[in-house]
Every structure is written in C-alpha cells, then in structure tokens.
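In order, the protein sequence lines correspond to chains W and Z.
Using our numbering, the letters of the first sequence correspond one by one to residues 63 to 245.
Using our numbering, the letters of the second sequence correspond one by one to residues 176 to 308.
No lab work stands behind these hints: they were computed from the structure.
Note that CB positions come from ideal geometry on N, CA and C, so glycine has one too.
Just so you know, not all the hints are guaranteed correct.
In silico BS3-like cross-links for lysine-lysine, where the CA-CA straight-line distance does not exceed 30 Å [claimed, not checked]:
#1 LYS130(W) - LYS262(Z)
#2 LYS216(Z) - LYS104(W)
#3 LYS143(W) - LYS104(W)
Here's a subset of chain Z near chain W, in silico, CB distances under 8 Å, partners left out [as the list claims (entries may be wrong)]:
#4 ASN202
#5 GLN234
#6 GLY238
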Amino acid sequence: MSPLNTDFKFKKILIVDDDLYLAKILRSILETFEVAQVRMAKSYDEAITIINNHPFDCIFVDNMMSDKNGLMLAKHIRQSKDINLQKIPMILCTSFTGLQSILDARDAGITEILAKPISPEQIMEKISNALFKQRPFIVSDSYYGPDRRRRIRDYDGSADRRNNSIPLPEKNEMVIDDKKEDE
Amino acid sequence: MTKDQFTLEQRELLLQANKIISDASINYSDILEQHVQALKKSLDSENLIEAVKICYRIQSQAGTFGWPLATEISGWFKRLLMPQIEKGVNAKVNTLFLDSLNIILKDKLKSESNTAVNLLLHMEAELKKQDIR
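Just chain Z, same shape as in the assembly (with noise of 0.2 Å):
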C-alpha cells in the first residue's frame, strides 16, 4: 500500500504515530546497548535460546528505530544460533556477530554505507572460512 493510498485523515494519524517511532528512535541506541550486553552474557553462559531470543528481540525492533543494519544481523544471527542449540555452540561464528553488533553499536552504523557493507563483506568472508552461509 503506497501513501497516496491512504485518505488526508489516515495519513495525518501516520504522522502522528511516525512521530512516535521518532521520538523512540532518540534514544534506542541505549536499548540495543542492554540488547548486545544481554546477548554477551548469555553467550558467556551458553543459553542459547535466550541468545535466539534477545536476537529476535534486536531483529524486531532495532528497524523500527532506525537501525535496519542491526535487523539484518541479529536476523542473521539468529539463523545460525538456533542450529546451534541442536549441534553445540559455535564460537567463532558467535563471536563474529557479537563484535559486529558491537561495531555497529560504536560506530553508529544505522544503514547502508562504505562501512557497513565493509563489515558485512569481511562476516561473509569469515563465514565462507568455516563454510558457513
């Protein structure tokens, strides 16, 4: 559905509610902080459904506020943690996402630039290392 869709009502209560993801958005590099925090801890602790969870959790807000970098690696990550819980923890990879999410967190990395796709060009490559998609 494109905007010119909507009636000028509809689409004054679409402001009005964008308003309200805006204004989430300010502050939701804190939150995805606690998010990465959370994630390390239950990493450390080898609970990975928690670890699924908490990427679920990243994965599904972090776009709504302006972080689809963050969505498309938590997402990412999620695929690979839940074989995981089956097969037993995979280190290396679990490592290479937690320091990106970090990477992302340190350098303001919201969307597509030279950097982002510099991070996600050398996950690949780390990931074809250990022939994982």
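Just chain W, same shape as in the assembly (with noise of 0.2 Å):
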C-alpha cells in the first residue's frame, strides 16, 4: 500500500457539527496535521452561509444537528449550481454504522464516513482519501457526487448487463467499514 499523501498545507477545512466540545479536538487535530484553514459552523444555516462566502477544499459534517442533519446538508451541496461548490469532498462523521445508514450517506453524496468514536489515523487516512484520492463526479437525473463505485472490477457478461443477474458481492468484498455495529 503507497503511503498516504497528507500534505494538507494549503487546505481550507470547514467542521459543521452541533457537539462543540467533540467538533474542538477535531480542530485541534486537524491543526496538528498542518491543515491551513479551519472553520467550524455549529449548524446547517450557519454552515450554508460560511460556504456561500468561502471556498473550501473539504467538509466534515456530522450526521445528527440538532435543525437539519449531516445529509441534507450533502444533498444541498451536491445540487448546488456552483460547480467547485458542488464537488467538494464531504466527510461525514457519525455513530450510524449500520449498513443502511451507509448507503443512505452514499447515496447523499458523501465522500468518506468517518466513524465515532473518532481515532487520529482515522481522521487522517480519511482526510487523504477524500482530498487526494478522488473518485470521478457523477451527475445524473437521480445522483450527484463521488462515484459509488470504489472498486472498477472486471466484468465478462454480455453487453446488456441490465438484464443480467449479477452476484453480489462475497460479505468480505464489502467495500463499507463496518467494524463498528450499530442499528
């Protein structure tokens, strides 16, 4: 595995997150991995107004604010007409492990989860991930965001593979950490 690239030096972060004292230390943290910007907004509108007026190079947000959550916020973000805007990589921070609540953060657009409680090599290898190791932007009539898919594999059937059946994938081929259990 190639090391992770966490040269975050020029790097504008904003924290969108109601628990202050947990959304601090992830400051703090991020301040230590020399991230050159951190802001932090306390709830949906004031974080819709900071990124009106501000560019940023990522968003952590977390998924339960007391006025809107973590995923509205995605949505919003993801059909923004502002282009930069719209394909700013999200990190959603979170206690919802459950497989549903990953797949409704995917769907939503979101880059990376980042699962409470938070570690610092978490937080740093998701970081990288979501700032250096970016998936292509899909826009289509349903979906806005990262391409679901993390892994390109190879696929031999017919050309109309609609109307094929395709396997799922073996459990340990899941892609989603799901090592905490939660839900």
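Each of the two chains sits in its own frame; use the hints to bring them together as a complex.
Okay, structure coming up:
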C-alpha cells in the first residue's frame, strides 16, 4: 500500500457539528496535521452561510444536529449550481454505522465516512482519501456526487448487463468499513 | 490502515494528535457526568428526541476519551429509545440504562472488567424479562 498523501498545508476545511466539544478536538487534530485553515459551524444554516461566502477544500459534517442532519447538507451541496461547491469532498462523522445508514450516506453524495468514536489515524486516512484520492464526480437524473463504486471490477458478461443478474459481492468483498456495529 | 503504513513524519503528527485526545481524556468523566445528568432530565420530562440526541453524543464522545463501555451502552440505549418516540415511553428500560450509565461513572468502568461484564449480563437479563433485545 502506498503511503498516504498528507500534504494539507494549503487546504481549508470546514467542520459542521453542534457538538462543540468534539468539534474543537477535531479542529485541534486537523491543526496538528498542518491544515492551513479550519473553520467551524454549529448548525446547518450557519454552514450554508459560510460555504456561500468562503471556498473550502473539504467539509466534515456530523450526521445528527439539532436543526437538520448532515445528509441534508450533503444533498444541498451536491445540488448546488456552483460547480466548485457541488464537487467539494464531504466527510460524514457519525455513530450510525449500520449498513442502511452507510448506503443512505453514499446516496446523499458523501465522499467518506468517519465512524465515531474518532481516532487520529482514521481522521488522517479519511481526509487524505477525500482530498487526494477523489473518485469521478457523477451527475445524473437521480444522483449527484462522487462515484459510488469504489472498485472497478472486470465484467465478462454480455453488453446488455442490466438484463443479466449480477452476483452480489461476498461479505468480505464489501468496501464499507462496518467494523462498528450500530442500529 | 495499520500504524506501519504511516511514514515517520505522519507517525509524529499522529503522536501529537493522540496527545490532544489523551489530554482531553483526563477530565472527560466530568463531561460524561453532565451528559448523564442531562439525559436524566430529558427522560424525566419525556423529551425522547433530546434523550436520543444525548445518547448519540455520549456514544460519539465517550469511546474517543477512554470510556468505550459508555459508548457501547449509550449506543444500545439510543437504539431502544428511538422506537419509543413512536410507541411511547418504556420507563423500566430507561431506568435500567440510566442506572447503568450512573454505575459506569461511579465505578469508573471504562472497558472490559468483571464488573463491566456483570453489568452487561444484568442488563441483558433485565431486557430479556421484557422480551426486548
């Protein structure tokens, strides 16, 4: 495995979380990682105001806030008419790590999921992936966001693959990091 | 990702970041106590949405700051509280979990120990009596 790119010296990151205690810890960790600028927003509305006026390279958003949840913010951003904002990498910080929650996050256009409780190793890995291993951005009638497929697998069936049944991946092939059981 | 896969420079940054967390862990029991008190208040007033939110917060924070058992139990409690928003309050379950969180605080039960295992077994048995999993 190649080493992570952790050159965050010119990166600007926004943390959206109403849990100020954890948000401040996350900010300190990002500053330790030499992120150029870290800002915090404690609500959905405050986040919207900030992102409309300041560019960021990445957004950390909590899934459960008092007003609206993180997935609503992701959907709002993915449907933005501002191309740069629309494509911004988003990391969902959440304690909801059951399969359905992960699928909901993926369908909302979340780039990476940071499972709480957090660890610095996990934060470094997720932010590096979000910033430097970006997947193609998909715009379709029903989905805006990073390609939901994380792995390109060979296909040796016929050209009309939608009419063929495709075997589901084995459990150990699942890409989702589902170490923490929830829900 | 294992620690071996980080470069030396990255490991140095991770050491500093882990120090931030260990420093914050020193007084985390005070914050956990405040959360448990707020949880009691929300349950007393049957404000279940607030109770779910506090459980989520404990679940999110406690494990990071060295209290994984509190994370496990508050996550479990959150899952049992969410259906109560529709179906109504189950006071026995809520008291069981609130008492357990208080025991965790009082006895400083941070992770696996005989006392922690006994607490979890007791909770399971109590929930089984009510046919709740």
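Okay, the hints, checked on the actual structure:
A distance of roughly 23 Å separates the Cα atoms of LYS130(W) and LYS262(Z); the hinted pair therefore holds under the 30 Å criterion. Our distance criterion of 30 Å between C-alpha atoms is met by LYS216(Z) and LYS104(W), whose separation comes to about 23 Å. Restraint check for LYS143(W) and LYS104(W): satisfied, since their Cα atoms lie roughly 24 Å apart, inside the 30 Å limit. Proximity of ASN202(Z) to chain W is violated relative to the hint, the smallest CB-CB distance being about 11 Å (cut-off 8 Å).
At a threshold of 8 Å, the smallest CB-CB gap from GLN234(Z) to chain W is about 5 Å, leaving the interface hint in force. The beta carbon of GLY238(Z) is positioned within 8 Å of a beta carbon in chain W (closest approach about 3 Å), and the interface hint is therefore held.
In this structure, only the earlier hint numbered 4 is contradicted, and the remaining ones agree with it.
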